[in-house]
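K.L.:
What follows is each chain in one-letter form.
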Amino acid sequence: GAGVSQSPSNKVTEKGKDVELRCDPISGHTALYWYRQSLGQGLEFLIYFQGNSAPDKSGLPSDRFSAERTGGSVSTLTIQRTQQEDSAVYLCASSFGTRGNYGYTFGSGTRLTVV
Amino acid sequence: AQTVTQSQPEMSVQEAETVTLSCTYDTSESDYYLFWYKQPPSRQMILVIRQEAYKQQNATENRFSVNFQKAAKSFSLKISDSQLGDAAMYFCAIILQGAQKLVFGQGTRLTINP
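In order, the protein sequence lines correspond to chains Y and S. Position one of the first sequence corresponds to residue 1 (our numbering), numbered consecutively onward. Position one of the second sequence corresponds to residue 116 (our numbering), numbered consecutively onward.
Any given hint could be a false lead.
To be verified - Away from chain Y, derived, C-beta distances all over 12 Å, residues of chain S:
no. : residue
1   : 141
2   : 177
3   : 198
Unchecked claim - Going by beta-carbon spacing under 10 Å, a handful of chain S positions derived as facing chain Y:
no. : residue
4   : 124
5   : 162
6   : 208
7   : 215
8   : 216
Stated by the list, open to error - Covered stretches of chain S (chain Y as the covering partner; in silico rule of three or more C-beta atoms under 8 Å from a C-beta of chain Y):
no. : region
9   : 149-161
10  : 217-223
Keep in mind the hints are simulated off the structure, nothing from the lab. Heads up, the beta-carbon is just placed ideally off N, CA and C, and yes, glycines get one too.
Let's have the full structure, built from the sequences with the hints guiding it.
P.N.:
If you want it as structure tokens, here you go:
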């Protein structure tokens, strides 16, 4: 596609439920990143994909968080048993090749609210 | 590990005036890239300007320019002739040569007063 597409744009869920957030990167971009932005905070790195593999999962905050990428394209971030502290904007980005030297292209994010 | 510090949580400027946003960073590496991103209410992060650490010349993009001081590890953003559309959160970020992970500062909220 022309840009990085994320869905849903907004998600309200009850505490304890599982949620899936989707990211569709720019066609041809092999690298894909997930970041979390809590209210009034900067961007916190979660996970990085190169193709379908995830060489860096160091930012996932707990084992309730997981992500996968299939076909070297679409990625899904899953949060199990959501907690109120999971409320944040989840941003996805993609870049071409194995280097981020030219920066990333970001999507508009998914705002997750856990009530 | 790299860190990025933006010491101004909020800034405001009159329309058509010039404003400078501060950013300092810390890294033990010598090869890296620095970025300023803009995040309007739409939430999408937009790349404003990029600087290669090995270049002494400051990057410029139209009304946006940087003051890159490598020895001081400082990377400030100057916005000239501020426009209402410049109102947004601005994030400073660093990535090491050969790395994949951008590290961001906490952001500065810029308000433009008409």
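K.L.:
Take the hints in turn and mark each one as holding or not.
P.N.:
So, going through the hints one by one against the coordinates:
no.	hint	result
1	141	holds (15 Å)
2	177	holds (17 Å)
3	198	holds (22 Å)
4	124	holds (8 Å)
5	162	holds (5 Å)
6	208	holds (8 Å)
7	215	holds (5 Å)
8	216	holds (6 Å)
9	149-161	holds (count 7)
10	217-223	holds (count 6)
Figure legend: structure checked against the earlier numbered hints; every hint is met.
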